[in-house]
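Chains as they are written, first to last, in this note's numbering: chain A, 2 to 382; chain B, 2 to 382.
Honestly, the hints are just simulated from the structure, not real lab data. Using N, Cα and C, we set each Cβ at its ideal position, and we do this for glycine too.
Computed Cβ-Cβ distance ranges for the label pairs, DEER-style:
1) A:GLN57 - B:GLU303: 49 to 59 angstroms
2) A:LYS330 - B:GLY208: 23 to 33 angstroms
3) A:ASN187 - B:ASP234: 50 to 60 angstroms
4) A:GLN89 - B:ALA304: 54 to 64 angstroms
5) A:ASP234 - B:LYS40: 56 to 66 angstroms
6) A:SER320 - B:GLY31: 52 to 62 angstroms
7) A:PRO372 - B:GLU303: 56 to 66 angstroms
Protein chains: 2
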Amino acid sequence: MENFTAYNPTKLHFGKNVIEQLPETIASYGQKVLLLTGKGSVKKYGYYDQVVKKLQDAGKTVIEFSGIKPNPTLVDAEKAVQLAQTHQIDFIVALGGGSVIDTAKMVNMAYANDLPVWDIMKHKVEPRLKKSLIAILTLAATGTEMNGAAVLQNHQTQEKIGYFSTLMYPEVSFLDPSYTLTVPKNQTVNGIVDLIAHSLEAFFSGGFAPLSDRFVAANILETMDYAPKLCLDLKNYDLRARMMWTATVAENGTTMHGRTTSGDWGTHALAHHISLLWDTPHGQTLSVVFPAWLKAMSYKIEARIKALGSLLTGEKNISASETILFLEKFFEQIGAPIRFKALGLNERDKQKLLDLWLINRPSGLNIELSPKDYQQIISFL
Amino acid sequence: MENFTAYNPTKLHFGKNVIEQLPETIASYGQKVLLLTGKGSVKKYGYYDQVVKKLQDAGKTVIEFSGIKPNPTLVDAEKAVQLAQTHQIDFIVALGGGSVIDTAKMVNMAYANDLPVWDIMKHKVEPRLKKSLIAILTLAATGTEMNGAAVLQNHQTQEKIGYFSTLMYPEVSFLDPSYTLTVPKNQTVNGIVDLIAHSLEAFFSGGFAPLSDRFVAANILETMDYAPKLCLDLKNYDLRARMMWTATVAENGTTMHGRTTSGDWGTHALAHHISLLWDTPHGQTLSVVFPAWLKAMSYKIEARIKALGSLLTGEKNISASETILFLEKFFEQIGAPIRFKALGLNERDKQKLLDLWLINRPSGLNIELSPKDYQQIISFL
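Next up, chain A with everything else stripped away, as it sits in the complex (with noise of 0.2 angstroms):
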């Protein structure tokens, strides 16, 4: 096991009604919140007004900003920071998913630094302040809801990255399953897909951690206990608890302790382009370029794709192309595309993503890709 620190500030409220706790949270936080939401399905279905009125009964005023795109931008980040600045503001609460969330923990390093958005994501500069941020989650997927990191594309220079501080875990989150009912069934699909690629991100990390592959196995088992029965009951409050706690758990650490690298991310860096040329759903592009990434990276980790399927099937003996196929075949179950044509693109799109990752050079932290693995990706897909 290699050294670790194991450590997770965010205090994470969880299930019915946690947001009556949001009043006496947010007290002691000064006058004015920057309100950060999405494309309007918060306020369709109530927890808009549910959220405003917690804040204004806590005395505080409201600032809004809102129409975060599911793939958030820098420029709504950027459009978030002024208003930010407009108003002195001084905390933040977002109300959504993860592309709400990631934005706000960007808009908060770059407000309370005084310092733009992509310097800190491209580590020109480094943040050291924070506000206060609260995040109040409607999507089950990404689990950004406890822990530092963020997401955002920049569409100028054609790039999607990610960034990791520990100023940036939400002091306090809440997530009552109640606020994804409402979720239809592609997201919620998109939503697994995702959960179940960055256990499998923890997984392909290096090192020698094998309590943390035994919880990525716990988490995609129970994953695949509870989603087929979900997407035929998408109002069930049991199993979209189960979903939420899955998502987050998948991300907050409890699958990473004692590894080289904090997720592997390959798979990522490389489904991040099919969203940036295409504005594919994250969760669609991860269900069809995980399978080809690992049946191309057979030749490098035929022990650890191996070392999955026997803890995922109890099966010792598993190849990996039959622990690929064990994958692949979930993703079916859950109506998930496993092709690069179930996304709608054709030969001459893969043309495109092959040229587009020749530039960008996408890579995993700890499994390098050259290009010749991205032919061979571009085969499988």
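Following the hints, complete the assembly by docking chain B onto the known chain A.
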């Protein structure tokens, strides 16, 4: 799943030479440190000298309280509080195993709030303040290094009880598996039993928490993998590291989210009485009492025992008695006692134990114990 709050503020540094980070950690903490230690092994093996040097290099004045016993006592805690008061110490460093760190937690509460230790533990008064507490672990077992709990025994009242407060989480913990390379085999076995028992106490809490259940099984299976090897190779760093981390995880919240209570603790409550009467090592009492408790409770919780067995063995149709046998065989394999007479105790001692149970009425938080249950458990000891 039940509502819960996931929150663990301890920053835990794990791995080789993490003690190097002690000086920067305590730089801002004030001048006088109360250093608590146990009965001499930390001095014998040089850990004490290493830590004292780091404290002195950081410019701190060390006030020492040593000699804390394996089943820590109220009397020692009270003496340490007096010492803290006499010297008006600024923060506390606990160097040792669970007994030293548990004592340090209660000393911290009593000193920082000027309240009697036992009054706090009996919930007659409530602490509101704390001093910074650093834990440096030398024995993997109880998990106290990353939680807010402590257990002390009061010989005067014939009680051994636990106390929990969010104020008691160590601020920073240092876990260098090298510090446990000198732990003798019997204490190593006791630690393994303790962490297995903690995992089981979590499992037998109430409510439906399927991911936490899988995490329990993962922690036990990981332990069953390294423990037999470790018992034959006590100086193996990697195996020590695996043990140290499983012991922490067994009791840091990972296995507890979504349950009705924070563990059942019925078996611990029963087993504590054996330590009270004969000063038996905690781990030995647990490997004896857990199988007996499971057998006696099968009439109430057969389905849960079978569910545990399925998760541990992968066999869907395993019976409760096969599950219990599976655990007993593991305890036997590592040389842990599984019957009362292996503790050197006889039939008359069983009666003494039963008498004390009937006076103190130990019970689980989830699974209540009646006098008839006590008799059943005694019959299986």
